[in-house]
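Number of protein chains: 2
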Amino acid sequence: MTYCIAVSLKDGLVLTSDSRTNAGIDNVSIYGKMHAFCTASDRKIVLLSAGNLATTQAVIDQLKRDMKEETAVNLDTVNYLSEAAEYLGRISVEKQRRHVDAGQSSFNPSATFILAGQIGQEPHGAYLVYPEGNCITTSRQTPYLQIGENKYGKPVLDRFLKIDTSLHEAGRCCLISMDSTMRSNASVGAPVELLIYHRDSLVLDEYYCFQEDNEYLSKIRKMWHEKLKEAFATLPQFSKEDSRPLPGCI
Amino acid sequence: MTYCIAVSLKDGLVLTSDSRTNAGIDNVSIYGKMHAFCTASDRKIVLLSAGNLATTQAVIDQLKRDMKEETAVNLDTVNYLSEAAEYLGRISVEKQRRHVDAGQSSFNPSATFILAGQIGQEPHGAYLVYPEGNCITTSRQTPYLQIGENKYGKPVLDRFLKIDTSLHEAGRCCLISMDSTMRSNASVGAPVELLIYHRDSLVLDEYYCFQEDNEYLSKIRKMWHEKLKEAFATLPQFSKEDSRPLPGCI
Numbered sequence: 006m007t008y009c010i011a012v013s014l015k016d017g018l019v020l021t022s023d024s025r026t027n028a029g030i031d032n033v034s035i036y037g038k039m040h041a042f043c044t045a046s047d048r049k050i051v052l053l054s055a056g057n058l059a060t061t062q063a064v065i066d067q068l069k070r071d072m073k074e075e076t077a078v079n080l081d082t083v084n085y086l087s088e089a090a091e092y093l094g095r096i097s098v099e100k101q102r103r104h105v106d107a108g109q110s111s112f113n114p115s116a117t118f119i120l121a122g123q124i125g126q127e128p129h130g131a132y133l134v135y136p137e138g139n140c141i142t143t144s145r146q147t148p149y150l151q152i153g154e155n156k157y158g159k160p161v162l163d164r165f166l167k168i169d170t171s172l173h174e175a176g177r178c179c180l181i182s183m184d185s186t187m188r189s190n191a192s193v194g195a196p197v198e199l200l201i202y203h204r205d206s207l208v209l210d211e212y213y214c215f216q217e218d219n220e221y222l223s224k225i226r227k228m229w230h231e232k233l234k235e236a237f238a239t240l241p242q243f244s245k246e247d248s249r250p251l252p253g254c255i
Numbered sequence: 006m007t008y009c010i011a012v013s014l015k016d017g018l019v020l021t022s023d024s025r026t027n028a029g030i031d032n033v034s035i036y037g038k039m040h041a042f043c044t045a046s047d048r049k050i051v052l053l054s055a056g057n058l059a060t061t062q063a064v065i066d067q068l069k070r071d072m073k074e075e076t077a078v079n080l081d082t083v084n085y086l087s088e089a090a091e092y093l094g095r096i097s098v099e100k101q102r103r104h105v106d107a108g109q110s111s112f113n114p115s116a117t118f119i120l121a122g123q124i125g126q127e128p129h130g131a132y133l134v135y136p137e138g139n140c141i142t143t144s145r146q147t148p149y150l151q152i153g154e155n156k157y158g159k160p161v162l163d164r165f166l167k168i169d170t171s172l173h174e175a176g177r178c179c180l181i182s183m184d185s186t187m188r189s190n191a192s193v194g195a196p197v198e199l200l201i202y203h204r205d206s207l208v209l210d211e212y213y214c215f216q217e218d219n220e221y222l223s224k225i226r227k228m229w230h231e232k233l234k235e236a237f238a239t240l241p242q243f244s245k246e247d248s249r250p251l252p253g254c255i
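Chains as they are written, first to last, in the numbering used here: chain X, 6 to 255; chain B, 6 to 255.
FYI, nobody ran anything at the bench for these hints, they're computed from the structure. The beta carbon of each residue, even a glycine, is placed where N, CA and C say it ideally should be. Incorrect hints may have been included.
If you only want the chain B side, here are some residues facing chain X, beta carbon under 7 Å, derived [to be verified]:
(1) 41
(2) 70
(3) 74
(4) 85
(5) 157
(6) 165
(7) 177
(8) 188
(9) 200
(10) 251
(11) 253
Based on the sequences and whatever the hints tell you, model everything.
In structure tokens form, the structure reads like this:
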């Protein structure tokens, strides 16, 4: 399984991903899911990937080959992030189709991506590219996208992320969201990668990779747990006087 | 959608359920999912239900008819909760099968139940009955069962529920778990029903039904949100000095 988050805020982008890949619980490996591309200097594009590892690797490889071979459309020629997302969608669908006929009925080649970054003077942004090749972006009200195991970590994003949240605060929020997910789903695991992109900077120089035993990551995971316990302990009791017998039962 | 939790602790049982039923988002109704039975005085059995409403209603109706008609096996004749769960599983499978042939390909008659209570001198307990009719119970390490939309509310249960948690504390934990779920999934909604069963009491007299605007429910939902915000604000920042350029990218 996988868990990746992309947050698109006023000040820039925050991308977070776990690194656990499994083909059944008896075949677990570490694969990063955050992918960078050596694009032209007027743009920065980063991919987060979830789903079938063969498909995601084939897609990323094709994106790189297209740049190298200077095909008509590639990550260096597109003028908009949305154009990049559509191009990615086409390649993803093509790669998924290649092996469908050879597969058993349980074979699932599908993959989901988040493409994020900035091209030239265009605003920064993030797109979620579905296995079908179509895509969505963020909104002011919902400034984040998730792929993979999204439910455990969603409540904390809904509570804290606003369009004007600072990049570092959003980064902490994503790490807490990742913590909730890692506690409940053993197939999501460290190292946790975190990338902060400052609007209009066109550099990707603020990247963190937190290993399982990283001091900071351990500290905020522990602190968050302790703080939640404290908060929980202060909640008022419901009053037994408000209770009654369960209806329909003698 | 639905969200129900059953917690089986040293001191007794805590059952919680939402009340929203929908057949598409344009057809939303209120249906309680906590069902009581007028069993013999040596036992108390409560059902929580999720899934196809026609199936759950047919199953509950059959359980009541069997008691009234004094069939060989019914909720009054079984000697163990596990026996009751197996009997429930058989009826559930039978009711699901009835309409499968008549259904369209998208028709899904499946239903999932939690059966909880106490029979005579046997220990109290809770069983999750799958659509296939098989069942599981709780353990010391995982003293709870969930049906329906289980992921949003799971992290808080994993953090706070222990086998020796008090019944009222577990009740608050379930309400917080329900809050996280209602925030993230609009098809889970109030009123929230809560039943506390004290071990060996054989009475179901501590039942709460919290409406959407219930003062206590609003208060702890709000307090929890505020406390989480406070806790989040105190988390230490990661240090920019620990960052580096994203590998693989120039």
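**Prompt:** Which of the listed hints are not met by the structure?
**Reply:** As far as the earlier hints go, 2, 3 and 4 are violated by this structure, in ascending order.
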